[in-house]
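> So you can see what is in the structure, the chains are spelled out below.
There are 4 protein chains.
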Amino acid sequence: MGDRPILTLDETRLLLAEYLPDEHGFDIAEVAPDGLVFTADPASLSTRPGGTVSGPAIFAFADVAAYLAVSAYLGKTPSAMLTSSSITFLEAAEPGELRARIEAVRIGRRTAVFTARVEDEPGRLVALATLHFSFPGRRREL
Amino acid sequence: MGDRPILTLDETRLLLAEYLPDEHGFDIAEVAPDGLVFTADPASLSTRPGGTVSGPAIFAFADVAAYLAVSAYLGKTPSAMLTSSSITFLEAAEPGELRARIEAVRIGRRTAVFTARVEDEPGRLVALATLHFSFPGRRREL
Amino acid sequence: MGDRPILTLDETRLLLAEYLPDEHGFDIAEVAPDGLVFTADPASLSTRPGGTVSGPAIFAFADVAAYLAVSAYLGKTPSAMLTSSSITFLEAAEPGELRARIEAVRIGRRTAVFTARVEDEPGRLVALATLHFSFPGRRREL
Amino acid sequence: MGDRPILTLDETRLLLAEYLPDEHGFDIAEVAPDGLVFTADPASLSTRPGGTVSGPAIFAFADVAAYLAVSAYLGKTPSAMLTSSSITFLEAAEPGELRARIEAVRIGRRTAVFTARVEDEPGRLVALATLHFSFPGRRREL
Numbered sequence: 001m002g003d004r005p006i007l008t009l010d011e012t013r014l015l016l017a018e019y020l021p022d023e024h025g026f027d028i029a030e031v032a033p034d035g036l037v038f039t040a041d042p043a044s045l046s047t048r049p050g051g052t053v054s055g056p057a058i059f060a061f062a063d064v065a066a067y068l069a070v071s072a073y074l075g076k077t078p079s080a081m082l083t084s085s086s087i088t089f090l091e092a093a094e095p096g097e098l099r100a101r102i103e104a105v106r107i108g109r110r111t112a113v114f115t116a117r118v119e120d121e122p123g124r125l126v127a128l129a130t131l132h133f134s135f136p137g138r139r140r141e142l
Numbered sequence: 001m002g003d004r005p006i007l008t009l010d011e012t013r014l015l016l017a018e019y020l021p022d023e024h025g026f027d028i029a030e031v032a033p034d035g036l037v038f039t040a041d042p043a044s045l046s047t048r049p050g051g052t053v054s055g056p057a058i059f060a061f062a063d064v065a066a067y068l069a070v071s072a073y074l075g076k077t078p079s080a081m082l083t084s085s086s087i088t089f090l091e092a093a094e095p096g097e098l099r100a101r102i103e104a105v106r107i108g109r110r111t112a113v114f115t116a117r118v119e120d121e122p123g124r125l126v127a128l129a130t131l132h133f134s135f136p137g138r139r140r141e142l
Numbered sequence: 001m002g003d004r005p006i007l008t009l010d011e012t013r014l015l016l017a018e019y020l021p022d023e024h025g026f027d028i029a030e031v032a033p034d035g036l037v038f039t040a041d042p043a044s045l046s047t048r049p050g051g052t053v054s055g056p057a058i059f060a061f062a063d064v065a066a067y068l069a070v071s072a073y074l075g076k077t078p079s080a081m082l083t084s085s086s087i088t089f090l091e092a093a094e095p096g097e098l099r100a101r102i103e104a105v106r107i108g109r110r111t112a113v114f115t116a117r118v119e120d121e122p123g124r125l126v127a128l129a130t131l132h133f134s135f136p137g138r139r140r141e142l
Numbered sequence: 001m002g003d004r005p006i007l008t009l010d011e012t013r014l015l016l017a018e019y020l021p022d023e024h025g026f027d028i029a030e031v032a033p034d035g036l037v038f039t040a041d042p043a044s045l046s047t048r049p050g051g052t053v054s055g056p057a058i059f060a061f062a063d064v065a066a067y068l069a070v071s072a073y074l075g076k077t078p079s080a081m082l083t084s085s086s087i088t089f090l091e092a093a094e095p096g097e098l099r100a101r102i103e104a105v106r107i108g109r110r111t112a113v114f115t116a117r118v119e120d121e122p123g124r125l126v127a128l129a130t131l132h133f134s135f136p137g138r139r140r141e142l
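Protein chains in written order, with the UniProt record's numbering: chain P, 1 to 142; chain W, 1 to 142; chain U, 1 to 142; chain Z, 1 to 142.
Simulated from the structure, these hints should not be mistaken for lab results.
Ideal Cβ placement from N, Cα and C applies to all residues, glycine included.
Heads up, a few of these hints could be off.
Part of the chain Z face toward chain P, derived, beta carbon under 10 Å [claimed, not checked]: (1) T47; (2) L90; (3) R106; (4) T115; (5) L125; (6) L128; (7) S134.
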């Protein structure tokens, strides 16, 4: 596709701190040409009886990660809004850190599409999501 | 479809209290032949800067509502698991109570499909979700 | 929502004839304030061994119906493009005519969202789809 | 995941010929441990005015590819049924052959989940789909 993140890891981490000023347990492990990797501390995720991470908690993690990825690819875009998403839950996540691998499948002028592959600590794929964002026309200058 | 809830409003409310023993702000307004109506107190929903209810908070509300609807239609089914979902966000929710209208579009022996129409206090449709659940084979006796 | 179709049944039927000039077996049964109803002649739908209508044939029917609904609500919009969709298949369709009930859940300036409820001849719900369309900014003049 | 196709390329091609005995323009380019690659001859795909491949034609291609992938991973499973799917259309496909890369994200005892990445002849990603199949309990021997 030719699109690459234009923010660095540190710049993206700064946006995360601005976006979620309270304790949240999310961090960014990697900002690379082919995507971003986010982590979530299990203590920050709401769990179901038995200790399993809930589906909505996984979705919230993927949403924050993809929301920040919009800015990583386009420059700071606080007005980006999630317009639709589909998510499949594949396995119950083992206790431990979660990782979300975010791939930009389309970066357009007013919309962007990302996939999120969420893995648990042992590395098993626990969820797969597609997320569509829209934002006021940017990149007019490009 | 011919399927109707077999639990009453009070029985469904009891399951909600068991499922989420802590303060959560969710309640059930109606258990009727054609579906269930849940409410969410805005104070219980995580918001974005500006006071807008976040997409994942709306998704979490729809998920709890549909999870309890599984039991309302099938009898207590604590093992029901959300396997996949798609959600479209249509409008930013106005501050105030949210309502989720849950319709059972298919109640099968091991899977169930629900739609959730989430409305804000002024009654505008803010989100539309389809939720797929699976559960160990039940209704063998039927 | 307040949105109502602005084309009549005959005008919408004319667009269908323009859009699919060859024999196709689709027709429009109703254009009403709360939505449109399309029909599909089973002979026009590709079937699986055994005579069951295939999933993609049902999807193609819903797509044509929702594509025409864009124009019914906005005026002729040939440039509307399907950007994403989710579909759930609930029952195998019985042989016979299919009906697709199209509801406009959001008509925006550049995007529109529809749901399609597809029923078989006996009236059972066989599929449920959400379809997202985009089109160059219109309605500025409206 | 550890799951690998158990059919060879030739065996999968044989199933394609059985499943679609008439001329269809689909072929299989690769059956590898990490997935399958299908091709579609453009002459076999229904197009929109202007020569663009239609969304439903792309969906039909992904569906056939994933349906055969079920058998490639599980052994011949003619009863597999598509239960739900989400698809995002990213770019208009350029005229020419389409390729669908099928990845098995979960192979269960009664359900399987695949992703399809559909590329046009120049190699651009034109669509991304997630497909859920169910089938009567197999792998009884496990």
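> For a quick check of understanding: which of the numbered hints are violated here, in increasing order?
The structure conflicts with hints 1, 7, although it agrees with all the remaining ones.
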